[in-house]
Amino acid sequence: MSAGTVELDDIQGLLRFGYKHQTQASFLLLQIKDREAARAWLASVPVTSAVTAVPSPDTALQLALSREGLQALGVADDIVNAFSPEFVSGLGSDASQSRRLGDVGASAPERWQWGAGQKVPHVLVMLYAQPGRLAAFQQAIEAQCANGFDTLVSLATSEMDGIEPFGFVDGISQPKLDWERTRAVRDQEQLAYSNLSCLGEYLLGYPNEYGGYTDRPLLDPQRDPQALLPRAEDLPAQADLGRNGSYLVLRQLRQDVPGFWQFVNAQAGGDAAARERLAAAMVGRTRQGEPVVASTQDINAFDYQADPHGMRCPLGAHVRRANPRNADLPSGEPGLVSWLKRTLGLDAQAREQDRVASTRFHRMLRRGRAYGAPVSIDRALSGAASSFDTGLHFICLGANLARQFEFVQSAWLASTRFDGLRNESDPLLGTREPAVDGSPTNEFSLPQPEGPAQRLSGLPQFVTVLGGAYFFLPGIRALRYLASARSQGSP
Amino acid sequence: MLVAPLAAGREASLRALLATMNVTPGTADPHNPIVPFAAIERLHYARLVLLDDALQVDLDMLGVPRPRLPTVLSFMGDCDGPAHEVLAELVQRAGEGLRSIFAHCEGFVADTDLLAWMQAHDRPIAASYVNWVGRTVRQIKEESALQRVLSATISRVAVNSGAQARALHAELRSFVNTEARAGRLVLTPDAPTPFMWRVAKLAHLLLVPLVGLLFLPILIVLSPLLIYLLRTRETTDPEICPRPQAKALGELQVLEDIDVSNQYTAIGAVKPGLFRRWLVSVLLVLINYACRHVFTCGFLARVQTIHFARWVFIDDKTRVIFTSNYDGSHQGYMDDFINKVAWGLNLVFSNGVGWPRTRWLILGGARIEQDFKRYQRRHQVPTQVWYKAYPGLSLHDLTRNQRIREGLENTQMSDAQTLAWLRLL
Ligand code: HEM
Chain C
1 MSAGTVELDD IQGLLRFGYK HQTQASFLLL QIKDREAARA WLASVPVTSA VTAVPSPDTA
61 LQLALSREGL QALGVADDIV NAFSPEFVSG LGSDASQSRR LGDVGASAPE RWQWGAGQKV
121 PHVLVMLYAQ PGRLAAFQQA IEAQCANGFD TLVSLATSEM DGIEPFGFVD GISQPKLDWE
181 RTRAVRDQEQ LAYSNLSCLG EYLLGYPNEY GGYTDRPLLD PQRDPQALLP RAEDLPAQAD
241 LGRNGSYLVL RQLRQDVPGF WQFVNAQAGG DAAARERLAA AMVGRTRQGE PVVASTQDIN
301 AFDYQADPHG MRCPLGAHVR RANPRNADLP SGEPGLVSWL KRTLGLDAQA REQDRVASTR
361 FHRMLRRGRA YGAPVSIDRA LSGAASSFDT GLHFICLGAN LARQFEFVQS AWLASTRFDG
421 LRNESDPLLG TREPAVDGSP TNEFSLPQPE GPAQRLSGLP QFVTVLGGAY FFLPGIRALR
481 YLASARSQGS P
Chain E
1 MLVAPLAAGR EASLRALLAT MNVTPGTADP HNPIVPFAAI ERLHYARLVL LDDALQVDLD
61 MLGVPRPRLP TVLSFMGDCD GPAHEVLAEL VQRAGEGLRS IFAHCEGFVA DTDLLAWMQA
121 HDRPIAASYV NWVGRTVRQI KEESALQRVL SATISRVAVN SGAQARALHA ELRSFVNTEA
181 RAGRLVLTPD APTPFMWRVA KLAHLLLVPL VGLLFLPILI VLSPLLIYLL RTRETTDPEI
241 CPRPQAKALG ELQVLEDIDV SNQYTAIGAV KPGLFRRWLV SVLLVLINYA CRHVFTCGFL
301 ARVQTIHFAR WVFIDDKTRV IFTSNYDGSH QGYMDDFINK VAWGLNLVFS NGVGWPRTRW
361 LILGGARIEQ DFKRYQRRHQ VPTQVWYKAY PGLSLHDLTR NQRIREGLEN TQMSDAQTLA
421 WLRLL
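For the protein sequence lines, the chains are C and E, in the order given.
For the first sequence, the positions run 1 to 491 when my numbering is used.
For the second sequence, the positions run 1 to 425 when my numbering is used.
Just to be clear, a hint being listed does not mean it is correct.
[What the hints assert, rightly or not] In silico DMTMM-like links for lysine to aspartate or glutamate, alpha-carbon gap of 20 Å or less: (1) Lys141(E) to Glu41(E); (2) Lys247(E) to Glu41(E); (3) Lys33(C) to Glu159(C); (4) Lys141(E) to Asp34(C); (5) Lys247(E) to Glu352(C); (6) Lys176(C) to Asp34(C); (7) Lys201(E) to Asp80(E); (8) Lys247(E) to Asp328(C); (9) Lys247(E) to Asp78(C); (10) Lys317(E) to Asp58(E); (11) Lys317(E) to Asp80(E); (12) Lys176(C) to Glu142(C); (13) Lys176(C) to Glu159(C); (14) Lys247(E) to Glu142(C); (15) Lys176(C) to Asp298(C); (16) Lys119(C) to Glu86(C); (17) Lys247(E) to Glu68(C); (18) Lys119(C) to Asp9(C).
[Stated by the list, open to error] What follows is a set of in silico ranges between Cβ atoms, one per label pair, in the way DEER data are often shown: (19) Ala420(E) to Gln71(C): 24 to 34 Å; (20) Ala273(C) to Glu409(E): 36 to 46 Å; (21) Arg173(E) to Gly458(C): 22 to 32 Å; (22) Ala273(C) to Asp190(E): 41 to 51 Å.
[Claimed, not checked] With the C-beta cut set under 8 Å, the calculated list includes, among others, these residues of chain C facing chain E: (23) Arg100; (24) Ala184; (25) Glu233; (26) Asp234; (27) Ser410; (28) Arg417; (29) Glu433; (30) Val436; (31) Pro447; (32) Ala453; (33) Arg455; (34) Gln488.
Since the hints were made in silico from the structure, they are not lab data.
Cβ coordinates follow ideal geometry from the N, Cα and C atoms, glycine included.
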């Protein structure tokens, strides 16, 4: 295997495709009840790869395992423990982590419907199908699984035409993966925001944005005598169990659609246009997907450089928090002197723009799907909160759980101090729990060119976490290896 | 910073005692009966930490003898004005409690003179950083109260003209004056910087470069040798960055992300040999110089989230302790370290045993993301007791509140400045 190759046939398709044609989807959360039967199924289940299929397949199956799942399969402890610490400890089992991620109050793991305590899934089976094809596909798969697995939960999704339950177009912005591997493998400062992102940010076994290889289980080749696994690019003597795999975060986020629109409507004094403007300011995009910071042809080709104070797109807007679109160093005059001044922190203007971490180390591929019945704004405005059960099965992929999902969730979305803000966290996701010193977190500020910022207060909680787990989405050869007896032996 | 070895067999009882001072693990109750930190008005931050010699195992990997070192208790604080005055105040207000803590240390007995003992165990600070030199606890608290009152009072309407902005400013000024007269707001004027302090600072400003100049010719002559020594070491020094134990990591994480600020304490051995010992000593003198004369108002190079930081040598310069108080999450802090000031970290810490490989003293090292992250977590030590005088306030808040006050007191602002000032609210 030479550097530069990408084994598309070994990578699960979800890393390359969102399966938009496969509008139907269902996520099965399984627990292993019979190890041998489970392994037999995992050894042969057809998993759709990232090779382009023409026409787009009728159905696709993707598969991921949790730490508990690896253990239930009997995978050797030293292999399990060589996965990232966040994956090993999992989601929802550690109070420090819950505090960091904002999984507190109504979103606390103790209240989850699945994902904590005895309800940790072992295997996630993701089924995608073209319209009308899901039911039969799911039935067939469930029948195949029946011997080896119990179904913990079966998460249905709904077709909302790419619109998430609050009514906004979703899935517009994604990092562009460098499949051709054009980015040089080295640690180099990037002075402009770019949407092109190194493969190693999403796939283990490839160089990441630092020019390094993210930690993953590397095995002595004796544990893989048939060379089932690829060899590590950086350490060719080792078998790379991580190669072509990724970590997957799944969180069931219930959305209170009536709560959202009723709050926004009240703030707008019932005025429809003002309501739309405010809702767009909270998201950072209009419901149709246009960025509020600038109208551009390509609705994903923009950044926030020309709006440093958030006059057009509030600093705290969801998409601005989730991807601040900045570079490694604030911009300035060309030339070495200016670069040096900015690097040493001696440029006051640059310092003003330097409060947010460089975006390129904190990207993720989002692959979530909406669930529940869509609620129109009119119905939302008249309906009672509890009568609708809808939301997002949030899914994201990345090679480094700590630096990508956890960082974005905690340091950006849940943080009450993002980019110098105060008393507010993400306008969509915030838990609104007061800080320990008693200060509120339920505000939202809209900076104004003329005078003090407009401040909304009393934002209710719109999104509640109902469950969640971390998974490893293996390369297809790695999946077969994990299903084989080889992975059970001690070193 | 006070450092004292524990008496044999006293560690468990000390840990138990320290735990009683906290409201949540690691976070001090400001009014705890043992050391009621809040009673010391000039104290910004304080911490009590136990440091053992577990990491000295790394010396085995270098093949050098490993002296067994006793576990030490360290007590440190960041305060306004001369440290000895604050120490005396501590002894006066928390004498009993401090005695009960230090009674766990070697050589501390019932009739030990507390103040003299504390002074005797004080270690010199090799380098220290203060985010904003001269910003006192009192000022921070008063300005925070001012900000809260003004933010709640101001009418959030569009301001259409300079005249209107100025009128709003004048209105808020007179409002604050009324509040101040009624005793509801206090804004103590800045105390003048003591004369001797300014003299000392000036002397330091001149002296360090002067000494540097004296040594410059020697340095130039020796530079090929020094570069050779550095590069041979840099290419062969072992990197020791294994993954920290999950349990140890958990013990650090329970202490974090409770307030907007967090604490960081780490310890490590200096690489053996005179070369590294001298190099790190000189570099810390230079860093201290930069912190005292350049990075004095709001930033340490590109990092704007560190309240206080310090480097201290212990055990005859064979180990270094680094401590800091910073805003935001640990992940964010490490992100800043890697992406903004990796070069600065490398300067100092690459002289520590096991640091990820550097090139030319500033390249590589902390930029090797995962090695660095494992390294720093492994060298981090849980802080048993941590006190912050102004919970809920970040440095960004402090700086903004300071600007609010300056703007309030300034009657000469232009229209644009007045508008910008209103936006701060
Ligand atoms: C129910 C909860 C959520 C809702 C309703 C929601 C909604 C949205 C919407 C409408 C967009 C704009 C569409 C686009 O740019 O593709 C968006 C973008 C985004 N969201 Fe969320 N989101 C939710 C949860 C999350 C969570 C939990 C995360 C991460 C931890 C997240 C991360 C992102 C990111 C990274 C973007 C793209 C920003 C960009 O690149 O400009 N979202 N979200």
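Checked hints:
1. For the hint linking Lys141(E) to Glu41(E), the alpha-carbon distance of about 11 Å falls within 20 Å, and the restraint holds.
2. Annotation: proposed proximity of Lys247(E) to Glu41(E) is violated, straight-line Cα distance about 37 Å (limit 20 Å).
3. Distance check on the hinted pair: Lys33(C) and Glu159(C) sit about 32 Å apart at the alpha-carbon level, beyond 20 Å; violated.
4. Annotation: proposed proximity of Lys141(E) to Asp34(C) is violated, straight-line Cα distance about 62 Å (limit 20 Å).
5. Distance check on the hinted pair: Lys247(E) and Glu352(C) sit about 39 Å apart at the alpha-carbon level, beyond 20 Å; violated.
6. With a CA separation close to 40 Å, the supplied pair Lys176(C) and Asp34(C) exceeds the 20 Å bound.
7. For a cut-off of 20 Å, the pair hint linking Lys201(E) to Asp80(E) stands: about 16 Å separates their Cα positions.
8. Between the alpha carbons of Lys247(E) and Asp328(C) the distance comes to roughly 34 Å, so the proposed pair goes past 20 Å and is violated.
9. Our distance criterion of 20 Å between C-alpha atoms is met by Lys247(E) and Asp78(C), whose separation comes to about 16 Å.
10. For a cut-off of 20 Å, the pair hint linking Lys317(E) to Asp58(E) stands: about 17 Å separates their Cα positions.
11. Under the criterion of a C-alpha separation no larger than 20 Å, the hint pairing Lys317(E) with Asp80(E) is inconsistent with the structure, at around 28 Å.
12. As the CA atoms of Lys176(C) and Glu142(C) are separated by approximately 34 Å, the hinted pair breaks the 20 Å bound.
13. Between Lys176(C) and Glu159(C) the alpha-carbon distance is near 25 Å, which puts this suggested pair outside the 20 Å criterion.
14. Between the alpha carbons of Lys247(E) and Glu142(C) the distance comes to roughly 39 Å, so the proposed pair goes past 20 Å and is violated.
15. For the given pair, Lys176(C) sits about 14 Å from Asp298(C) by alpha-carbon distance, which is consistent with the 20 Å threshold.
16. Between the alpha carbons of Lys119(C) and Glu86(C) the distance comes to roughly 18 Å, so the proposed pair stays at or under 20 Å and holds.
17. Among the hinted pairs, Lys247(E) with Glu68(C) is consistent with the structure: their alpha-carbon atoms are about 18 Å apart, no more than 20 Å.
18. Our distance criterion of 20 Å between C-alpha atoms is broken by Lys119(C) and Asp9(C), whose separation comes to about 33 Å.
19. Distance hint check: the CB atoms of Ala420(E) and Gln71(C) are about 58 Å apart, inconsistent with the given range 24 to 34 Å.
20. Between Ala273(C) and Glu409(E) the Cβ separation comes to about 42 Å, which falls inside the hinted range of 36 to 46 Å.
21. Under the hint 22 to 32 Å, the C-beta atoms of Arg173(E) and Gly458(C), about 30 Å apart, fit the expected range.
22. For Ala273(C) and Asp190(E), the Cβ-Cβ distance of about 49 Å falls inside the hinted range of 41 to 51 Å, so the restraint holds.
23. At about 5 Å, the closest approach between the beta carbon of Arg100(C) and any beta carbon in chain E falls short of 8 Å, and the interface hint on this residue holds.
24. Nearest Cβ of chain E to the Cβ of Ala184(C): about 15 Å, over the 8 Å cut. The hint is violated.
25. For the restraint placing Glu233(C) at the interface with chain E, the shortest Cβ-Cβ distance is roughly 16 Å, beyond the 8 Å limit, so the hint is violated.
26. For Asp234(C), the interface hint is violated, since its Cβ never comes within 8 Å of a Cβ in chain E; the closest pair sits about 12 Å apart.
27. Evaluation of the Ser410(C) hint against chain E yields a held restraint, the C-beta minimum of about 6 Å falling below 8 Å.
28. For Arg417(C), the interface hint holds, the least distance from its beta-carbon to any beta-carbon of chain E being 5 Å, beneath 8 Å.
29. Taking 8 Å as the C-beta cut-off, the interface hint given for Glu433(C) is violated, the closest approach to chain E being about 13 Å.
30. The restraint placing Val436(C) at the interface with chain E holds, with a minimum CB-CB distance near 6 Å, inside the 8 Å limit.
31. For Pro447(C), the suggested interface contact is upheld, since its CB lies about 7 Å from the closest CB of chain E, less than 8 Å.
32. For Ala453(C), the suggested interface contact is upheld, since its CB lies about 7 Å from the closest CB of chain E, less than 8 Å.
33. Hint on Arg455(C) holds. Least Cβ distance to chain E is approximately 7 Å, under the 8 Å limit.
34. A least Cβ separation of about 22 Å between Gln488(C) and chain E goes past the 8 Å threshold, and the interface hint is therefore violated.
Going down the numbered hints, you'll see the structure goes against 2, 3, 4, 5, 6, 8, 11, 12, 13, 14, 18, 19, 24, 25, 26, 29, 34, while the others check out.
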